[in-house]
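K.L.:
Sequence:
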Amino acid sequence: MSNSLNASRFPFCALVMASTNQRIVLLQQVEGPKSPEEMITILQRVVEECTTSLVAARIEAEERLNNQRLREEQDAAYRAALEADQARERQMREEQERIEREAAEAERKRIEDEEAQARAVQEAAEKEAALARRRQEKAMALGAEPEKGPDVTRVLIRFPTGERKERRFHSSATITSIYDYVDSLDCLKAEKYSLVSNFPRVTYGPEKNSQTLVEAGLHPQASLFIEIEQ
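Read the sequence shown against the UniProt record's numbering and you will find it ends at 230, with the numbers running on by one and no gaps.
Since the hints were derived computationally from the structure, they do not count as laboratory data. You may find that some hints are simply not true.
[As the list claims (entries may be wrong)] 30 Å max Cα-Cα, derived DSS-like pairs, lysine-lysine:
id, residue 1, residue 2
1, LYS138, LYS189
2, LYS148, LYS138
3, LYS148, LYS127
4, LYS109, LYS138
5, LYS165, LYS127
6, LYS127, LYS34
[As the list claims (entries may be wrong)] Beta-carbon label-pair distances, calculated as ranges:
id, residue 1, residue 2, range
7, ARG164, LYS192, 20 to 26 Å
8, GLU97, PHE159, 55 to 61 Å
9, ARG64, LEU26, 40 to 46 Å
10, GLU126, GLN230, 46 to 52 Å
11, PRO220, ARG158, 30 to 36 Å
12, GLU215, MET140, 22 to 28 Å
13, ARG98, PHE159, 54 to 60 Å
14, ALA120, ASN198, 37 to 43 Å
15, MET92, ARG64, 37 to 43 Å
16, GLU215, ARG133, 26 to 32 Å
17, THR203, LYS165, 27 to 33 Å
Small disclaimer: the values here were computed from a predicted structure and weren't measured. Note that beta-carbon positions come from the ideal geometry of N, C-alpha and C, so glycine has one too.
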């Protein structure tokens, strides 16, 4: 330090001040012995001479501090605004993604519903076609309705809708023939049902299908109703 201040005699006293470039400025140096009074006089003179410089330095330092604080505040405000913009963009992006997901889900559900409806229509059409084929097959299996005669049984059938149908059968025909007749009509949509007589109540289930109308006690005439199986 003594070399940088060019000290040549000791004791040596130097009055320095901080500079803006982080260096020191030499205000006064005193070499050689001095009395306290002389030192006070020298220091007072230096202070008086440098008061303006010190004030300017203080003002400059305050300006630097204020400028630094302003820059920091501006940087903080910029970062806050940037974060707010990014948050808004993220929110808008998430909202758009949500809308797109909901639209895709709605479209997927619409397609599924349309496909399910198309399948239901197709299945209903196939079922109706199968029933139509079944009615035709049953009608063909029945053959022509016989004319009235002693060996002919007249059968009246009541449907759940209240509709009545009547047909003649050979007395040697089986209970299956009556089921075939019911199946050949377009009066019943149920697939499982039984033929039942009232007086006495008799259910003509699968175990009686092979009985002839005479064996089943239905000759020469019978009244049956249809009981839907649940």
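K.L.:
Determine for every hint whether it applies to the structure shown.
P.N.:
Hints and how they fare:
no., hint, in the structure
1, LYS138 x LYS189, "holds (15 Å)"
2, LYS148 x LYS138, "holds (22 Å)"
3, LYS148 x LYS127, "violated (36 Å)"
4, LYS109 x LYS138, "violated (42 Å)"
5, LYS165 x LYS127, "holds (24 Å)"
6, LYS127 x LYS34, "violated (127 Å)"
7, ARG164 x LYS192: 20 to 26 Å, "holds (21 Å)"
8, GLU97 x PHE159: 55 to 61 Å, "holds (59 Å)"
9, ARG64 x LEU26: 40 to 46 Å, "violated (22 Å)"
10, GLU126 x GLN230: 46 to 52 Å, "violated (24 Å)"
11, PRO220 x ARG158: 30 to 36 Å, "violated (19 Å)"
12, GLU215 x MET140: 22 to 28 Å, "holds (25 Å)"
13, ARG98 x PHE159: 54 to 60 Å, "holds (56 Å)"
14, ALA120 x ASN198: 37 to 43 Å, "holds (39 Å)"
15, MET92 x ARG64: 37 to 43 Å, "holds (41 Å)"
16, GLU215 x ARG133: 26 to 32 Å, "holds (31 Å)"
17, THR203 x LYS165: 27 to 33 Å, "violated (19 Å)"
Of the numbered hints stated above, those contradicted by the structure are hints 3, 4, 6, 9, 10, 11, 17, listed in ascending order.
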